[in-house]
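The primary structure of each chain is shown beneath.
There are 2 protein chains.
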Amino acid sequence: MTLPNNSKRRKELVAIAARLFFEQGYERTTVRMLADAMGIKSGSLFHHFNDKQEILCAVIQDGMESAIEIADAALADVQGAKARFRALARAHLSTLLNDRNAHVVALYEWRSLSESSLSVLIGMRDHYEQLWQQVIDECVKEGVLKGDTPLIRRFTLGALNWTVQWYDAEGEKTPDDLANALSALIGLN
Amino acid sequence: MTLPNNSKRRKELVAIAARLFFEQGYERTTVRMLADAMGIKSGSLFHHFNDKQEILCAVIQDGMESAIEIADAALADVQGAKARFRALARAHLSTLLNDRNAHVVALYEWRSLSESSLSVLIGMRDHYEQLWQQVIDECVKEGVLKGDTPLIRRFTLGALNWTVQWYDAEGEKTPDDLANALSALIGLN
DNA sequence: TCAAAAACCGAGCAAGCGCTAGATTTAAGA
DNA sequence: TCTTAAATCTAGCGCTTGCTCGGTTTTTGA
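Same order as they appear, the protein sequences are chains A and B.
Here the first sequence is numbered in numbering that gives the first Met the number 0, starting from 0 and rising by one per residue.
Here the second sequence is numbered in numbering that gives the first Met the number 0, starting from 0 and rising by one per residue.
Any given hint might turn out to be false.
The following label-pair restraints were derived from C-beta to C-beta distances [what the hints assert, rightly or not]:
id : chain 1 : residue 1 : chain 2 : residue 2 : range
1  : B       : 46        : A       : 10        : 21 to 31 Å
2  : A       : 6         : B       : 8         : 50 to 60 Å
3  : A       : 11        : B       : 5         : 44 to 54 Å
4  : A       : 114       : B       : 173       : 24 to 34 Å
5  : B       : 82        : A       : 164       : 39 to 49 Å
6  : B       : 8         : A       : 35        : 40 to 50 Å
7  : A       : 14        : B       : 172       : 32 to 42 Å
8  : A       : 119       : B       : 42        : 19 to 29 Å
9  : A       : 145       : B       : 82        : 14 to 24 Å
10 : A       : 39        : B       : 68        : 46 to 56 Å
11 : A       : 119       : B       : 27        : 17 to 27 Å
12 : A       : 113       : B       : 11        : 46 to 56 Å
13 : A       : 38        : B       : 27        : 42 to 52 Å
Hints in this document: simulated from the structure, not taken from any laboratory.
All values derive from a computational prediction rather than experimental measurement.
Here a beta-carbon is modelled for each residue, glycine too, at the ideal position from N, C-alpha and C.
Throw the hints in and build the complete structure from the sequences for me.
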């Protein structure tokens with residue numbers, strides 16, 4: 000049984016699953032809850048996915064793909080290390096906070112993935128982190144940052160990813176404001 | 000049935016639970032796994048705890064208590080905003096990475112807590128964050144930091160808490176090294 | 001128009017879950 | 001020593017879980 004990976008219907012289902020996984024966590028979300036929210040019966044779910052874990056994988060994969068796309072677009076045609084850092088930070092927060100469901104799930108639920116799903120997603124994550132690594136390396140080369148560059152990357156991504164814990168979309172600050180504030184904090188303004 | 004909260008045996012059990020919750024996540028850890036690791040039968044667990052969720056709460060509570068203790072001790076007798084910031088960062092990473100089980104559980108599993116457990120733990124968390132807020136406010140007053148102080152607190156704690164994702168205790172860097180590197184990154188060296 | 005494919009339903013199975021309750025063993029204190 | 005309380009065991013209940021499967025409906029495209 001080979002299931003189509005890119006069907007339109009499947010994309011819809013994945014978006015719904017992302018919302019439920021975000022709201023209650025993967026393990027606490029039952030296939031019956033998922034089916035209910037999708038307007039189908041629980042058995043029908045397994046026509047689209049081989050098992051529950053595959054839904055989780057699809058959620059995270061979709062999130063990663065769009066994050067990489069947006070980051071690539073944000074860096075294109077931007078010159079200068081400082082500007083590139085700020086552009087990447089803005090892109091990161093914009094996906095993270097707009098497409099919040101999928102990204103929070105990605106950050107918190109990787110433990111429930113199978114080995115094979117993991118290896119796919121780790122590849123994508125590494126690719127994304129390399130984007131950051133390059134930009135931070137440029138910053139050090141241009142002399143606008145100092146220190147251990149992998150460490151700076153990790154601190155930066157930590158500060159940014161942590162925003163999902165407290166950011167209030169109804170508040171007065173935009174994701175761009177946050178990106179600028181973080182850049183300023185480490186002297187890149 | 001009122002269960003004693005501070006028995007020595009209970010503390011041991013909580014430490015074991017912390018390890019399992021850290022390794023596999025709260026929801027994936029069954030009471031039978033917990034009992035096995037504790038060397039008792041699953042039924043006996045409920046002599047010490049009213050329900051599974053109470054074990055989770057105890058794990059997090061123990062972690063928070065020791066974190067607050069260590070932070071208080073680290074700040075005592077330290078003068079000057081920069082030094083106090085660095086002391087607090089060192090204390091934070093030292094507890095976080097040494098008592099890793101409990102703290103990772105605290106960061107990742109709060110969703111499974113009951114309302115009443117939550118309200119207790121949120122109180123402790125707020126108390127701890129206030130320590131940070133004060134120190135960062137001092138930094139701005141002394142002119143060694145600039146910007147929105149709650150935002151700086153959140154970025155800082157994000158960068159620090161994220162270390163649990165990648166820090167390798169067998170590696171060459173100590174928690175103190177990390178604390179110093181972060182301080183340097185934001186100009187507090 | 002009509003056959004093939006895709007989507008879905010209904011019913012339910014086997015396993016595992018948190019938790020209970022009564023009996024039994026172990027430890028503690030007077 | 002003897003009483004009482006704490007800790008553990010044995011056995012299993014009731015429920016939910018992820019998932020299956022044969023059959024039905026809907027959609028698609030030639």
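Taking the hints in turn, this is what the structure says about them:
1. B:46 - A:10: 21 to 31 Å: About 50 Å separates the Cβ atoms of residue 46 of chain B and residue 10 of chain A, which means 21 to 31 Å is violated.
2. A:6 - B:8: 50 to 60 Å: For residue 8 of chain B against residue 6 of chain A, whose Cβ atoms are near 55 Å apart, the range 50 to 60 Å holds.
3. A:11 - B:5: 44 to 54 Å: holds, 52 Å
4. A:114 - B:173: 24 to 34 Å: holds, 32 Å
5. B:82 - A:164: 39 to 49 Å: violated, 28 Å
6. B:8 - A:35: 40 to 50 Å: The hint (40 to 50 Å, Cβ to Cβ) holds, given that residue 8 of chain B and residue 35 of chain A are roughly 43 Å apart.
7. A:14 - B:172: 32 to 42 Å: holds, 40 Å
8. A:119 - B:42: 19 to 29 Å: The hinted range 19 to 29 Å is violated for residue 119 of chain A and residue 42 of chain B, with Cβ atoms some 41 Å apart.
9. A:145 - B:82: 14 to 24 Å: holds, 21 Å
10. A:39 - B:68: 46 to 56 Å: Holds, since residue 39 of chain A and residue 68 of chain B (Cβ atoms, about 52 Å apart) stay within the stated range.
11. A:119 - B:27: 17 to 27 Å: holds, 21 Å
12. A:113 - B:11: 46 to 56 Å: At 34 Å between Cβs, range violated.
13. A:38 - B:27: 42 to 52 Å: At roughly 29 Å between Cβ atoms, residue 27 of chain B and residue 38 of chain A fall outside 42 to 52 Å, so the hint is violated.
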